[in-house]
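Novice: So the protein lines, in turn, are chains A and B.
If you read the first sequence in numbering that gives the first Met the number 0, its first letter stands for residue 0, the second for the next number, and so on.
If you read the second sequence in numbering that gives the first Met the number 0, its first letter stands for residue 0, the second for the next number, and so on.
Hints are computed from structural coordinates only; laboratory data are not their basis.
Here the structure is a predicted model, which is why all the values come from computation and not from measurement.
There may be inaccurate statements among the hints.
[What the hints assert, rightly or not] Computed Cβ-Cβ distance ranges for the label pairs, DEER-style:
1) L79/A to I14/B: 34 to 44 Å
2) E116/B to M41/A: 33 to 43 Å
3) T147/B to H24/A: 50 to 60 Å
4) G83/B to V58/A: 47 to 57 Å
5) T157/A to K188/B: 47 to 57 Å
6) I59/A to V34/B: 51 to 61 Å
7) L193/A to K188/B: 43 to 53 Å
8) L162/A to A17/B: 51 to 61 Å
Yeah, the Cβ is synthetic: ideal placement off N, Cα and C, and Gly gets one too.
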Amino acid sequence: MKRQVPLVLCFLFGVVMCFTQFSPHSFSQSIYDEVVYWALIMSPFALAVGTITLVQTHVIRIRRRTEHWQYSFVVFAGLLTMVVIGLPFGPQHPAFAWLFNNVQVPLDATMFSLLAFLIASAAFRAFRARTFEASLLLISAMIVLIGNVPVGDLIWNTVLSWLPWDNGASEARQWILGNPNLSARRGIILGVSLGVISQAIRLILGIERSYIGGGD
Amino acid sequence: MLSKLMNLDRRLIFIFVALAVIIPTLLPLNLPINVSEPTQKIYDYIDALPAGSTIMIAFDYGPSSLPELNPMAKAVLRHCFDKGVRVIGMTLYPFAPTLADTLITEVAEEAGAVNGEDYVFLGFRPGGEQVMLRMGISIGSVFEKDYTNTPLTEISMMKDITNYGQIDLILDLASGSTTDLWITYVNVKYNQQIAAGVTGVIVSNMYPYLQTNQLVGLMPGYLGASEYEKLIGVPEKGTQGINNASPVHVLILGLVIIGNIVFFIQRRREG
């Protein structure tokens, strides 16, 4: 029963929601409106589940004294501070906004900024034209890299001014993104979409059952 | 010498990168910016909207992407307020409400735009695609109040706006996969016009949608922000950012070229 009810519900809702996409009848559309509303109501529970999981994970870390367990207290301090201010006063409260703008924004920006240093170092060490394919990738990356900033066109228009076209760096970047990149991305999108459709069919028909805790 | 170059201390590279950012910040560069077609298309679309039209801006990014996406938001907001185009702000990203509200309020004060008449910020709702789909039926059923807790029924500019039918363009400012969702669920189902401003790392993912015209236009990272700033004639942080990023790009390019030259010389010597 524990397994059959979810399977039946999944089949029922899957088939009905598919049907509503092909039927403009008012009854069909009212079902669609209602189910979308249910889904919207259910969404906040994901946030609650996320918070509970975060708390559980860090409680276990502290209890087991795993490596760097002390940092879990920082997580709780941050969580409690924002909840204590945010819940009663709302995110519009100046104290909440101050903490966000002066703690979270610089911390997040700092973490992301470190990428620039790591990318520069990694590019120098790892980006090598070892094979023909790697060489193609390297040349494309270099064109996109330099075409992405105005200095690319400046160099082109100064050094290669004898060529019959201007702004070659940004034009070449645009061509790479709009042709070979586009073709590859479209192939990936089609492949992923077909995979999603086949997975959805497996779920609706009850072939894929891992979401209810068993193997398929 | 060659092996020294091959094993260059990474701390030295970090110093080069730091200098490549610090020097142009202190001594600003003024490089010429050429507007690319995808950014021009967004500008033209908004510019052609008559006063009183409405665009929705989805602030789907957090603080880590703020330097790239905030200048875009600022430039588009300025353009809209200048043209008399009304703006509805919202977000699907839990980190975004505070930064989006701060930004809209700042630009609105500069432009003399009035909250509730020229713009409204609805805030955040969890649910991603469910929020998108439900707004196609009724925005008021998803956001009953705006960010300042004013019921939507009491906001004058929302009186004639029920769903996407009354919105002329949705601009998604994204650091993740939300633009794909806006296209899949809102462009395809509701035939809504979508434009995007995205971080540099996901620009390449957007090109298939540009070709199919599922995206009206696209602002790519700092470059897009600087291009839009050029179009509205107010060069600001986007322009400053792309000028500061230029030496770093040249540095990385130089490092890759040097690394490969050394690699080839070594390989030849080793036979």
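Novice: Could you run down the list of hints and mark each one as holding or not?
Specialist: Hints, one by one, checked against the model:
no. : hint                         : in the structure
1   : L79/A to I14/B: 34 to 44 Å   : holds (40 Å)
2   : E116/B to M41/A: 33 to 43 Å  : holds (35 Å)
3   : T147/B to H24/A: 50 to 60 Å  : violated (40 Å)
4   : G83/B to V58/A: 47 to 57 Å   : holds (54 Å)
5   : T157/A to K188/B: 47 to 57 Å : holds (49 Å)
6   : I59/A to V34/B: 51 to 61 Å   : holds (53 Å)
7   : L193/A to K188/B: 43 to 53 Å : violated (20 Å)
8   : L162/A to A17/B: 51 to 61 Å  : violated (35 Å)
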